[in-house]
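Enquirer: Each chain, letter by letter, is given below.
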Amino acid sequence: MNATPEPKTAPPAIEVQGLACRYADTMVLNGVTFTVREGELFFVIGGSGCGKTTLLRHLIGLLKPAQGTVRYFGEDFTGAGLATRRNLLKTFGVLYQNAALWSSMTLRENVALPLEQYTTLSRRERDEIVALKLAQVGLAGFEDYFPAELSGGMRKRAGLARALALDPRIVFFDEPSAGLDPVLSRRLDELIRQIRGTFGTTMVIVSHELASIYALADRVIMLDRDAQGIIAEGRPRDLAATSDDPRVQEFLTRGGEETKTA
Amino acid sequence: MSAVPTQARADATRAGDSLVVRLGGVWRITRPLPAWAKVLAQAAHGGPADRPCAVRLLMDEVEQWDSSLVRFIYEVQDWCRTAGAACDTTALTETVRHLVEQLALAQEQHVPSDHSKDFLTNVGLAATDLWRQTRDFADFVGECTLSGIGLVKRPGRFRWRDCFSEMQQCGAMAVPIVSLSSFLVGLTLAYTGAIILRQFGGDIWVADIVGLSTFREMGAVMTGVVIAGRTGAAFAAQIGNMKTGEEIDALETLGIPPVDFLVMPRLLALTLMTPLLTMYANGLGILGGMIVSASVLEIPPSAYWIETQSTIDLSDVSVSLIKSVVFGMLVAVAGCLRGLQAERSAAGVGRAATSAVVTSILLMIVADAIFAVLFNVLGI
Chain A
0 MNATPEPKTA PPAIEVQGLA CRYADTMVLN GVTFTVREGE LFFVIGGSGC GKTTLLRHLI
60 GLLKPAQGTV RYFGEDFTGA GLATRRNLLK TFGVLYQNAA LWSSMTLREN VALPLEQYTT
120 LSRRERDEIV ALKLAQVGLA GFEDYFPAEL SGGMRKRAGL ARALALDPRI VFFDEPSAGL
180 DPVLSRRLDE LIRQIRGTFG TTMVIVSHEL ASIYALADRV IMLDRDAQGI IAEGRPRDLA
240 ATSDDPRVQE FLTRGGEETK TA
Chain B
0 MSAVPTQARA DATRAGDSLV VRLGGVWRIT RPLPAWAKVL AQAAHGGPAD RPCAVRLLMD
60 EVEQWDSSLV RFIYEVQDWC RTAGAACDTT ALTETVRHLV EQLALAQEQH VPSDHSKDFL
120 TNVGLAATDL WRQTRDFADF VGECTLSGIG LVKRPGRFRW RDCFSEMQQC GAMAVPIVSL
180 SSFLVGLTLA YTGAIILRQF GGDIWVADIV GLSTFREMGA VMTGVVIAGR TGAAFAAQIG
240 NMKTGEEIDA LETLGIPPVD FLVMPRLLAL TLMTPLLTMY ANGLGILGGM IVSASVLEIP
300 PSAYWIETQS TIDLSDVSVS LIKSVVFGML VAVAGCLRGL QAERSAAGVG RAATSAVVTS
360 ILLMIVADAI FAVLFNVLGI
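Just so you know, the sequences run in chain order A and B.
Reminder that position 127 of the first sequence reads as 126 in numbering that gives the first Met the number 0, one-by-one numbering, no gaps.
Reminder that position 16 of the second sequence reads as 15 in numbering that gives the first Met the number 0, one-by-one numbering, no gaps.
Treat each hint with caution, since some may be false.
[Unchecked claim] Cβ pair distances, simulated, as ranges:
hint, chain 1, residue 1, chain 2, residue 2, range
1, A, Thr252, B, Pro256, 28 to 36 Å
2, B, Ala345, A, Asn86, 28 to 36 Å
3, B, Asp367, A, Gly80, 53 to 61 Å
4, B, Ala346, A, Thr52, 22 to 30 Å
5, B, Pro31, A, Ala9, 20 to 28 Å
6, B, Arg156, A, Asn97, 31 to 39 Å
7, A, Gly80, B, Thr94, 35 to 43 Å
8, B, Val174, A, Arg185, 25 to 33 Å
9, A, Arg21, B, Val365, 56 to 64 Å
10, B, Thr133, A, Asn97, 50 to 58 Å
11, A, Arg21, B, Ser178, 42 to 50 Å
12, B, Thr94, A, Asn86, 49 to 57 Å
13, A, Ser121, B, Ala137, 50 to 58 Å
[Stated by the list, open to error] So these bits of chain A aren't anywhere near chain B, every CB distance computed over 12 Å:
hint, residue
14, Ala65
15, Ala177
16, Ala226
[Stated by the list, open to error] Not the full set, but computed from the structure, chain A residues with beta-carbon under 7 Å of chain B:
hint, residue
17, Gln116
18, Tyr117
19, Arg122
20, Gly137
21, Ala139
22, Gly140
23, Phe141
24, Leu165
The set of hints was computed from the structure by calculation and includes no laboratory data.
Here a beta-carbon is modelled for each residue, glycine too, at the ideal position from N, C-alpha and C.
Based on the sequences and whatever the hints tell you, model everything.
Expert: Here it is as structure tokens:
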């Protein structure tokens, strides 16, 4: 990762080819194709109901695409057998919208579960990793707390600690700033940037939070409900400056109003 | 050193009285990792027997790393501290050193969280909890009564639709399980009675035993237990889940008391349906006794029926009815109360359902004992 740069020929972290998904009879996405390079801070943006979360659920394998393939580091995920799939699942972590911490388990148990499943570490070693992960998200010492005893922002950070437990090469975020105030939301953005800086982790973030998009994104794709797919791709500032698509303009400039983002 | 290029490795070599640990390969937490104890043992094998007084860590051969490397270095540092050796980490990259420091710091900071308590504290907490629960229960019964008065005053505002669907859920849908359990209980009672009565040639009194014990006890109790397991748990889980999803809060802020909206329809439905189910259960219990009598004791069903009619009078029927109404209320109140008290989590909802069943069965047994004394005193 950060010790030696990946060779130029390395396959991209995520490669999506012609992905189509439908719920019952309604087509939500059709022919979605994009790649995410390793170490990139990649945003999936778009208005509500455009299929952002649906796309995410396809990427992480919770939904099966009607068509198309998803590849991680060149390896096929969509049609993978059980063993390959299990292997690929280790390469990414997911921070769910409501953190999705297991409520009957303490933070230590929450973060330790992936380690128990996928590593041969002893109990003491696991606890050390848990302590490190919690410290990284600013929750050092909160091992014995239950999720219900934490505030929303803390829960989200604990969810991130769990997503990072196996040092995944890719982390997915579903609306990371949902339910957080602007200050906490900015802190979480900071944390995301910091972790990318330390470990070179690829980050795929589903969001419609303009402040985060401008502050973090290396590249974005914008989805649209009527187009059932990607209508714009690029750096957010470039898109705002050069795109002549009114939908993109409207979204990135908050309906014509000047953005007040720092 | 060139064995497997991608495997994480740590090779220790002695240089004088210090130990040089060369880290290399790909350090991934999900892959096999070297253990510090083994590395030490290996180094001691070839070199001098005394402990090294310094350890120097090198990581220029590391291709990729993650938290596993950080943890390993932390372990080495920790070992050095206890062994009294100096640990030289100057050759490590800045990021790694920083993370190791972070880990060391995190190990020290521990925010105590009060989960384990001593015996006395637990007893005290249990006692205050019992008192609080009793008060909550009384409060809740009071609220239900007030809401009931409101219902009588303004029946138009009551959620009749909810009430009817609950009736179907807790009444009609419970018929099969109530049939099976009460029929089998009647059957068992007949067999038990037959053992003794046969010795005296008083076979026919099996009908009295089955009839009386079904009407005065078993019918209502069995129905109550089935209702508690089926409906009480369902009420608690439903309402508990609504609480987790802030649906109860939404009712409160709209000025709709949750007791009116959620509890009363369920309470009324169960209070009306339990007596019906109990009467039905009584009938099936007697049918069970009749079948055993006809097949084992060779008593014709007509004789059995006449004997049953002569023992059961209106007071036995009313005992059964009174009990079943009270049991229905107790199950509904316990289920709804536990649901409303549920913690806002999946585990909390589960606990609420369990606690609803336990509470309702306990309350029913207590009520049954009170009834036994009361009916005895009144001579019913």
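Enquirer: Hint by hint, note whether the structure agrees.
Expert: Do the hints match the structure? See the list:
no. : hint                              : in the structure
1   : Thr252(A) - Pro256(B): 28 to 36 Å : 47 Å, violated
2   : Ala345(B) - Asn86(A): 28 to 36 Å  : 29 Å, holds
3   : Asp367(B) - Gly80(A): 53 to 61 Å  : 59 Å, holds
4   : Ala346(B) - Thr52(A): 22 to 30 Å  : 26 Å, holds
5   : Pro31(B) - Ala9(A): 20 to 28 Å    : 24 Å, holds
6   : Arg156(B) - Asn97(A): 31 to 39 Å  : 36 Å, holds
7   : Gly80(A) - Thr94(B): 35 to 43 Å   : 37 Å, holds
8   : Val174(B) - Arg185(A): 25 to 33 Å : 60 Å, violated
9   : Arg21(A) - Val365(B): 56 to 64 Å  : 57 Å, holds
10  : Thr133(B) - Asn97(A): 50 to 58 Å  : 36 Å, violated
11  : Arg21(A) - Ser178(B): 42 to 50 Å  : 46 Å, holds
12  : Thr94(B) - Asn86(A): 49 to 57 Å   : 27 Å, violated
13  : Ser121(A) - Ala137(B): 50 to 58 Å : 52 Å, holds
14  : Ala65                             : 31 Å, holds
15  : Ala177                            : 15 Å, holds
16  : Ala226                            : 33 Å, holds
17  : Gln116                            : 10 Å, violated
18  : Tyr117                            : 5 Å, holds
19  : Arg122                            : 13 Å, violated
20  : Gly137                            : 10 Å, violated
21  : Ala139                            : 4 Å, holds
22  : Gly140                            : 4 Å, holds
23  : Phe141                            : 6 Å, holds
24  : Leu165                            : 6 Å, holds
Hint violations for this structure: numbers 1, 8, 10, 12, 17, 19, 20, all remaining hints satisfied.
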